[in-house]
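There are 2 protein chains.
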Amino acid sequence: MSLAERYEPTERTTLTRARERATYDQETVHAILDSAYLCHLGYVRDGAPVVLPTLYGRVGDRLYLHGSTGSRPLRMAGEPDPGLPVCVTVTHVDGLVLARSAFHHSINYRCVVVHGTAHPVTEPAEKSAALDALVDHVLPGRAADSRPGNAKELAATAVIRLDLREVSAKIRTGGPNDEPEDLALPHWSGVLPVAPVYGAPVPSDDLAADIPQPAYLSAR
Amino acid sequence: MSLAERYEPTERTTLTRARERATYDQETVHAILDSAYLCHLGYVRDGAPVVLPTLYGRVGDRLYLHGSTGSRPLRMAGEPDPGLPVCVTVTHVDGLVLARSAFHHSINYRCVVVHGTAHPVTEPAEKSAALDALVDHVLPGRAADSRPGNAKELAATAVIRLDLREVSAKIRTGGPNDEPEDLALPHWSGVLPVAPVYGAPVPSDDLAADIPQPAYLSAR
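Taken in order, these protein sequences are the chains called P and C.
In case it helps, full-length UniProt numbering puts the first sequence at residues 1 to 220.
In case it helps, full-length UniProt numbering puts the second sequence at residues 1 to 220.
Be a bit skeptical, because a hint or two may be false.
Identical chains blur together in the list; that is why a pair holds if it fits in one copy or across any two.
As the list claims (entries may be wrong) - Listed next, the in silico DMTMM-like pairs over lysine to aspartate or glutamate satisfying Cα-Cα at most 20 Å (straight line):
(1) Lys152 <-> Asp182
(2) Lys152 <-> Glu179
(3) Lys152 <-> Glu181
(4) Lys170 <-> Asp94
(5) Lys170 <-> Glu5
(6) Lys170 <-> Asp61
(7) Lys170 <-> Glu20
(8) Lys170 <-> Asp25
(9) Lys170 <-> Glu8
(10) Lys170 <-> Glu181
By construction, these hints were calculated from the structure, which means they are not laboratory data.
One chain only, chain P, in its complex shape (with noise of 0.2 Å):
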């Protein structure tokens, strides 16, 4: 990474379309990155390509993911090494953005793209610390406030990593775009902004009666 802290563009990093959309600056990625918990983890199986949906933490430059050790991915980031290659993407949508033409119809986004190997994390610090930033990544505070996994958790959990280094994010903002012709047609044109919005929190049956609701759930 050069001194701008802007992750160095590679040729499957590049947009062949919408480039003004690209950027490589790392406080944006990170940023991205850190309003979401979910990914779509892409990987290749018998030469066929394989997107399934999983949650992943970040510390620093690095990704982490996490799930059985019976997963399919899991096992292949695991044996044998070096590792498995992976795309894992991060999309936020933040509105419709209708255009008085069907063609100019679009999406308001903000979306990362990681390229890269995923290895597996075995040093048990390490992973101690990775499991820990996939819990608070979903909901900050949170793992302090929950018994952390004992030895036969630990053991049943595979994590892998992914370092952040061919990354690229892409966002869209504004507007549609029309046609100067089209300005004049008699159809409703802007955007519909969306967002994920939380609602109350249910507590479980055999939640004890003592036992309140903490800060960081009413924060989100």
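Using the hints provided, position chain C relative to the given structure of chain P.
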């Protein structure tokens, strides 16, 4: 497909874990697909996976994706035949599942994974119907209330088709599955629901004052 309207499981749509969360029911699959509009498209380029967010539409048992004729996966699907092996995944997050133990934290979600080979759509009537389906998938009713693509726009737009054949859905609902010995721990436990919520439509600056907000917008 069987008479029971169920997608036939294959080796790669058979889950290795949490099999009770899998379903191959056609109606369930269609409902998950129809309540989203963004998918993550996976394909293989130079042996490595690529995952990109993109819009889709559904017509019967076919998914349609589109993009610029210059976009890489659309070019790859078009030449050479017999098409591009893809995996298309659609995921809804419905809630954050907070267990007393870090290990049992989870996500409530609905997800559909489609494996198959994408083929270019070149027949004009199918292509036009596919583009209408794409617009209407984002906002039902919108295709009829926008200017259809002209010859130049249609020529600049590539459409690919993916048959729904090798398909699985995976669904998690309900509260956390805490270990019996963890129930007395002093940690809040339950579910934080989450759903996409649409804000007030933002008209384009250049929208004529006499164009009312359409009913299909308010319905979101």
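Results of checking the hints against the structure:
no.: 1; hint: Lys152 <-> Asp182; verdict: between (64 Å within a copy, 15 Å between copies)
no.: 2; hint: Lys152 <-> Glu179; verdict: between (61 Å within a copy, 13 Å between copies)
no.: 3; hint: Lys152 <-> Glu181; verdict: between (66 Å within a copy, 14 Å between copies)
no.: 4; hint: Lys170 <-> Asp94; verdict: within (13 Å within a copy, 25 Å between copies)
no.: 5; hint: Lys170 <-> Glu5; verdict: within (17 Å within a copy, 39 Å between copies)
no.: 6; hint: Lys170 <-> Asp61; verdict: within (18 Å within a copy, 31 Å between copies)
no.: 7; hint: Lys170 <-> Glu20; verdict: within (9 Å within a copy, 37 Å between copies)
no.: 8; hint: Lys170 <-> Asp25; verdict: within (11 Å within a copy, 35 Å between copies)
no.: 9; hint: Lys170 <-> Glu8; verdict: within (15 Å within a copy, 37 Å between copies)
no.: 10; hint: Lys170 <-> Glu181; verdict: neither (29 Å within a copy, 46 Å between copies)
The structure fails hint 10 only (numbered hints given earlier).
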